[in-house]
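Sequences listed follow chains A and B, in order.
Position 4, counted from 1, in the first sequence is what the numbering used here calls 4; the numbers after and before it change by one each time, with no gaps.
To convert, take the position in the second sequence, counting from 1, and add 1000; that gives the numbering used here.
Wrong hints could be hidden among the right ones.
Over 12 Å on every C-beta distance to chain A, these chain B residues come out as not near it, computed from the model [as the list claims (entries may be wrong)]:
| no. | residue |
| --- | --- |
| 1 | S1033 |
| 2 | Q1041 |
| 3 | P1061 |
| 4 | L1088 |
| 5 | Q1104 |
With a straight-line cut-off of 20 Å between C-alpha atoms, the simulated SDA-like cross-links for lysine to any residue are [unchecked claim]:
| no. | chain 1 | residue 1 | chain 2 | residue 2 |
| --- | --- | --- | --- | --- |
| 6 | A | K68 | A | K114 |
| 7 | A | K102 | B | R1030 |
| 8 | B | K1057 | A | R22 |
| 9 | A | K102 | B | Q1044 |
| 10 | A | K102 | B | K1013 |
| 11 | B | K1057 | A | K68 |
| 12 | A | K102 | B | A1002 |
| 13 | A | K102 | B | F1045 |
Hint data in this document are derived by calculation from the structure and do not stem from the laboratory.
Owing to the predicted nature of the structure, the values given are computational and were not obtained by experimental measurement.
Using N, Cα and C, we set each Cβ at its ideal position, and we do this for glycine too.
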Amino acid sequence: AQSVTQPDIHITVSEGASLELRCNYSYGATPYLFWYVQSPGQGLQLLLKYFSGDTLVQGIKGFEAEFKRSQSSFNLRKPSVHWSDAAEYFCAVGPYNTNAGKSTFGDGTTLTVKP
Amino acid sequence: KAGVTQTPRYLIKTRGQQVTLSCSPISGHRSVSWYQQTPGQGLQFLFEYFSETQRNKGNFPGRFSGRQFSNSRSEMNVSTLELGDSALYLCASSPGGAEPYNEQFFGPGTRLTVL
């Protein structure tokens, strides 16, 4: 069965500091990996996705993620955090073929940004 | 293009009642998925509809049902509401083709409170 683990429930960083959110996945085939962000009371917005190719993926809002197959990880990073980045972040894994099943989401990491 | 819309945005019901939530996908998208989000359980997949047929299903009781219309709009119904059904219900649409995997676009959600 596929699963996603986000080990950090809550992270606090200072504005301007760097950020790394961890994500580990378990999937039997080649995974399709995603990071989403959710602001309070809102739906999820896709930050970036990875299926193949360059293992360092660039996304919106200055975020990037690195896929490491040997570690089954897909960590999200940002060099300098802005106060507006405070939100909840979800990592997800999905099948390449939508006929093959559904996406599985991690439990999320809440990011607080200190002024 | 207009995004995914969900109505109503907020709903208050009492135990034992039933509720119907609506989702209008992005124009041209044929797949609609529903998720339940709660603080304790995170994001859980309910079901996915594609071309008016349920394609994937999560592990929810039969009180949760859905349907999709020929214009791809989808409704979700919960009968005999329980307190534990209080949640944010998210709808996500995607083009729905088999390959390559189509990313999901989320609506803002319907906040259901069961008293």
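How the hints compare with the structure:
Look at S1033(B): its CB is around 7 Å from the nearest CB on chain A, not clear of 12 Å, so calling it non-interface is violated. Its beta-carbon lying about 9 Å from the closest one in chain A, Q1041(B) breaks the requirement of being farther than 12 Å from that chain. Under the 12 Å C-beta cut-off, the non-interface status given to P1061(B) relative to chain A holds; the minimum distance is some 18 Å. Once the 12 Å rule is applied to beta carbons, L1088(B) is inconsistent with being away from chain A; the minimum gap is 8 Å.
Annotated as non-interface, Q1104(B) brings its C-beta within 12 Å of a C-beta of chain A; the closest such distance is 7 Å. Of the pairs offered as hints, the one joining K68(A) and K114(A) is violated, with about 30 Å between alpha carbons and a cut-off of 20 Å exceeded. At most 20 Å may separate the alpha-carbon atoms for a hinted pair to count; K102(A) and R1030(B) meet this at roughly 15 Å. Only pairs whose Cα atoms come within 20 Å are accepted, and K1057(B) paired with R22(A) is rejected, the gap being roughly 28 Å.
Taken as a hint, the K102(A) and Q1044(B) pair is honoured in the structure, with Cα atoms around 11 Å apart against an allowance of 20 Å. Taking the CA atoms of K102(A) and K1013(B), the gap is near 29 Å; set against the 20 Å cutoff, the hint is violated. Restraint check for K1057(B) and K68(A): not satisfied, since their Cα atoms lie roughly 30 Å apart, outside the 20 Å limit. Between K102(A) and A1002(B) the CA atoms are separated by roughly 25 Å; this puts the pair beyond 20 Å, and the hint is violated.
With a C-alpha separation of about 8 Å, the suggested pairing of K102(A) with F1045(B) holds against the 20 Å cut-off.
Checked against the numbered hints above, the structure violates hints 1, 2, 4, 5, 6, 8, 10, 11, 12; every other hint is satisfied.
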